[in-house]
Every structure is written in structure tokens, then in C-alpha cells.
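**Q** What follows is each chain in one-letter form.
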Amino acid sequence: MGMTITEKILAAHSGNKQVRPDDLIMAKVDFVMGNDVTAPLAISQLKKYGLGGVFDLSRVALVPSHFSPPKDIKAANNVRVLREFAKEKGIVNFFELGAAGIEHALLPEQGLVLPGDLVIGADSHTCTYGALGAFSTGVGSTDLAYAIAMGEVWLKVPPSLKFCYEGKRQPYVYGKDLILYTIGHVGVDGALYCAMEFVGGVIESMSIQERLTMCNMAIEAGGKSGIISPDATTEAFVKPRAKRPYSFYASDEDAEYERIYEFCVDGIEPQVALPNLPSNACPISEVGEVKIDQAFLGSCTNGCLEDLEIGAKVIKGKRVHSDVRLIVIPATPTIYKDAMEKGILKTFLEAGAVVSTPTCGPCLGGYMGVLGDGEKAVSSSNRNFVGRMGSPKSEVYLANPAVVAASAVAGKIVHPDDVQ
Amino acid sequence: MTTQGRVWVFGDNIDTDGIIPARYLTTFDAKELGAHCMEDVDPEFSSKVKPGDVLVAGKNFGCGSSREHAVLAIKGAGIAAVLAESFARIFFRNAINTGLLVLEADGVRGVFDTGDTVRVDVKSGTIVNETKGRSLTAKPVPAFIQEILDAGGLMEYAKKKLQTDAR
Ligand code: SF4
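Residue numbers (our numbering), protein chains in the order written: chain A, 0 to 419; chain B, 1180 to 1346.
There may be inaccurate statements among the hints.
As the list claims (entries may be wrong) - To spell it out: a stretch of chain A is covered by chain B in this simulated footprint if at least three of its residues, at any positions, have a beta carbon under 8 Å from a beta carbon of chain B; those stretches are:
(1) 32-44
(2) 105-113
(3) 141-150
(4) 285-293
(5) 304-318
Stated by the list, open to error - Example chain A residues on the side facing chain B (calculated, C-beta under 10 Å, incomplete):
(6) 120
(7) 125
(8) 137
(9) 155
(10) 222
(11) 345
(12) 363
As the list claims (entries may be wrong) - Listed below are the simulated PhoX-like cross-link pairs for lysine-lysine, each with C-alpha atoms no more than 25 Å apart in a straight line:
(13) A/155 with B/1302
(14) A/336 with A/312
(15) A/73 with B/1340
(16) B/1302 with B/1210
(17) A/46 with B/1302
(18) A/46 with B/1318
(19) A/47 with B/1254
(20) A/88 with B/1254
(21) A/315 with A/411
(22) B/1339 with A/47
(23) B/1340 with A/27
If you are wondering where the hints come from, they were derived from the structure by calculation, not from laboratory data.
Quick caveat: nothing in here was measured; it's all calculated off a predicted structure.
Backbone N, C-alpha and C fix where the C-beta goes; we use that ideal spot for every residue, glycine too.
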């Protein structure tokens, strides 16, 4: 019987010819990642249990991104723990400040995660790398500690769900809108424990960036992973960056899926997820009058060059509304530099936005743009839970970069056409 | 092994920002985190909860981020077990890996009100509402996961494995 791309990768990494959903396996990992929130706890576990070894010094990344540049003394000490551990062990992939960005933008950009890999990261949005045709999933600190020492992870083979997208997209409809639409359709636990496989003509026509955005939010439907079969677009992205060999897998014709969803995208408008769940997706024409205090363009979901470019195009020659703070955060130093060279940052600054150094910052209500009581924000990030970006009395609306930029100009949530 | 305690009932989709808001993530001290457990869901929770209490919840408990701090906050607040209709997977892993008792049982939320007393028999998976005299059975724990639990968590499991490999 055939296997899905997910089953094939898991079989290859666990020494099995075939695996089936619900099989419990111990699998070899190709790459492991921890950040400034999750890695300090993992490192303290390793010390506590006397596990001193690192399975492969070139296959571990430590990325301070959440509260870095450090927002306070505690945050600075957490980064110190990562830095000292990396130095002591000889871990090469420690990224700080000038080299640091948001992990899920940084690792693909640097060619550290590759097609056919099995990747785990102590961050729920590790599912992002499925966009390159890898099996990639988020775990906690103890799993991270175990994987750093042992180079393996225990996994239950997930059932696969197939999501097929065909048709022609309307203007200003991006990967972000399709994933919000999908989460709205299946709910925040609609893909619980499952691998979400994205297929179809629309996916094939997407850039790597849009694919990364879609796989990034698989977790928001409860998914264990998101995955897209690698193709020529993947090859073009990966080839110049890869620092080791990689392999392309694809699902068999007769692979089994727990469920298949088919979407015709023709009628899908830009989507906005209303507070307080990503599944509260709503076509922008039905959002109504929502005045905003803040607009955030950044995060691991939509903080790449392409996203900034989309936002800049909408905002060029206009002014940010006097009641709105627009915060723009390129996800990595390379994106920052490229955006500078292309004049994108200038466009934002001239419009009255503030541009920050790469960090997760406001996405998780960390710093650099925390919301106060009763404030509303439109954000290009991935979560709008109660208190996600600050006060439990604030509200977050999720949208694509064009809607974020347009809304910053209008002072309320609008379709990009409304400010042209 | 059995555990008995007073129940706190929560709804569906209790997320990790609700269990422990990101603003407290610069520490992983369980006591410190426990003092803010469930703060944005019920601001008084940490002052009302007592050691040995049990959380009962609906679907998808622990959805959201991978922060193990959510498990630590629950443990730090003295909570002995979480019983839910279903768990978000990273939260579930974190609980197994660090030895917080978590059991999935269909319909569990409907059987309890806050303040009821629950008795859980871990081996058989029997969950009894002693106040209402009703009982139900949790989903069985797979053998491999039981091995991790028996070892005392994933890190103990790693230690044992390394010792066996060295022999
Ligand atoms: S940008 Fe937001 S969602 Fe992405 S890793 Fe950072 S905190 Fe998490």
C-alpha cells in the first residue's frame, strides 16, 4: 500500500520500510532548534540529568529571538545561558543580534533545514519548514534536551489530511488568506495530531514564502505538521543555500488520507481572523467597522522580504493614520538589508511607520509594541488568543501584509483597494 | 496509583497564553509560574487552587505554543492531574515527558462541576466523580508512553538508555 510524503520521511528516519498512522516510532532527527524561551529549560534539564553530549554540533541551532535583543535582565540571562552553552559545547549555529532573526525565517534562509529532513524545534511554529518538503514539528523543552543529547525523538505517526486548492486567486489573496480560510473551515482542533498536506495548482504556483506562511499556521488548526511536496520552486530556493545533501519525497497515488478537503479559491476574499481564535476567519467584506490602534507587519508568518514588499507597495506615498502605530519588523538581518537596499524601509519610514531590528517582540506581547487595555491591533502574525499581544483586554485581528498596511493608512480594517 | 482531589472545570481550547501568559516566560521556576497559572482566564485562580486539585477541561486543552512553562505553571500551582476531552499535542508531550498526569476521556467535562471531588485510578484509567457518583474510563496509555512514564519522564528514560547502550 502507498504512503504519504509524511509517512515516507518518518519511515526513512526510523529504519522502517513502512509506517502507518498511530505507530509509535523513535526517529533520527536531521536538525534540532531551540530559542531563548525554550532552550534555557532544556539546557538546565541536560545539566540536571548529567547528559553532556551533543549528538551533532552542526545540527543544533540556538536562536534568541523572542525577547532578544534582551528586553530585561531575566531575558538577558536567558540569552547568556544559550551563548555559554553554545560556546562550551562548540555548537556552531548560535545566532545572536547581527546574525539573529526569527528562527522560522532564519533556518530556511540559511539552508539549515532541507527537503526530506526530519526536524524538531522547541517552538510550536517549527511546522513552518514543511514548506520545503520536510517533516517538521514543534516540541517542548524536554524533547529538545533529549534530542540534543540523543539525536532522536519519539513520535506517533500522524494521520494525513489532504487540502487541495484549485482555481484563480483574487487580487490581494495570499497563502496567509488561504490558511486562515482553511483554519476557519476546520477549526482550531480540526487537524489535531494530523499532518496537513497542501496540494493543488494554487500551491504549485506559490512562492516559497507563501508556502512557508501556510505551513507555519498548521499548528493553529492543531496540526502536528504542514507539508508541501518539493518541486522546481523548492529546488531553486534550496540549491544555492543547502550545506548538505537533501532528498525529495512525494506521496504515492494510493496513499491513504484520513480526509480530503477540496477548495475552489475563486470566491475567497482576503481573510481576517477576528478575536480571539485564528479560526474566527471572516471575509474582509464582512468585518464591519473595526478601528485600530496598532498595525503590526512582521513575525515568522509574514515577516519576509516578499511580505514587506507587499505592504510597502500598498502604503507607498501615503501616511499612516494619525491614530495608528505601524510597527514593521523584518524577520532576519538579511531581509532587513535587502529591504533597505530595495527602498522598502524608506517607504515605511516616510509613511510614518517605525522599523525595528529583527525580533519576535510584539507577536507574543513580549515588547516593542505591547497592547494596552481596550486597544485593537491588526497583525500579520499567527495568533490572536486573549492577551496574545499584551493586555487581556486588548484585541488582535489577523490578516495578510497588504490588509495590515492598508488598515494602518485607513485607521480601521479595510481591503487594500479601499486606500488606492 | 490513585489520586484524589477537588475539581476545577474549564471549557474548550484553553490555550497556553491562557495557562501562562508570555509576559512570565523569562523564568522557568515552577513556583513563580504557578503563581500566575490561568491568570488571564481566571485572575483569582492561583489564590483559590489548592495542592492536589485536578483540572477538568473540554477539547484541545493546551493549544498554542510549545512552552513547557504551561506544564510547569500547572505543576507549580500544585495541580495533580489534568483530565480533558482531548489535548493539544505539544502540551500532551510535555506533560508525558515531565510526568504530569494527563488523561483523555470522552465526555469528561460534562460529568463534573467545579468543586466536585474526583478519584482517578491511573493504571485502570477509571475516573470517578465521588460527589455525583458517576464514573468513566480514560483512553488507554500506549505501552511505549507507559515506558517513559515508568522511567520517571523522558530525561530519566534517556539516562537509562545511555547506560544500557554503554553496557
Ligand atoms: S514570531 Fe511569534 S509565532 Fe513566530 S516564533 Fe516568534 S513569537 Fe512565535
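**Q** All the hints need checking, so say for each whether the structure fits it.
**A** Taking the hints in turn, this is what the structure says about them:
1. 32-44: holds (count 6)
2. 105-113: violated (count 0)
3. 141-150: n = 6 at 8 Å, threshold three: holds.
4. 285-293: violated (count 0)
5. 304-318: Answer violated; 0 residues pass the 8 Å Cβ test.
6. 120: Result: holds, 8 Å to nearest chain B Cβ.
7. 125: Holds - the Cβ of residue 125 of chain A comes within 10 Å of chain B, reaching about 8 Å at its closest.
8. 137: With Cβ-Cβ at 5 Å, under 10 Å, it holds.
9. 155: Holds: closest Cβ of chain B sits about 8 Å from residue 155 of chain A, inside 10 Å.
10. 222: Cβ of residue 222 of chain A sits 9 Å from chain B, so the hint holds.
11. 345: Residue 345 of chain A check fails; min Cβ-Cβ to chain B is 32 Å, beyond 10 Å.
12. 363: 4 Å, holds
13. A/155 with B/1302: With Cα atoms ~21 Å apart, residue 155 of chain A and residue 1302 of chain B stay inside 25 Å; holds.
14. A/336 with A/312: 18 Å, holds
15. A/73 with B/1340: 34 Å, violated
16. B/1302 with B/1210: 29 Å, violated
17. A/46 with B/1302: Roughly 32 Å separates the two Cα atoms, so the pair is violated.
18. A/46 with B/1318: 34 Å, violated
19. A/47 with B/1254: 18 Å, holds
20. A/88 with B/1254: Measuring from Cα to Cα gives roughly 31 Å; hence the hint is violated.
21. A/315 with A/411: 18 Å, holds
22. B/1339 with A/47: Distance ~15 Å between residue 1339 of chain B and residue 47 of chain A Cα, so the pair holds.
23. B/1340 with A/27: 15 Å, holds
Figure legend: structure checked against the earlier numbered hints; hints not met, in rising order: 2, 4, 5, 11, 15, 16, 17, 18 and 20.
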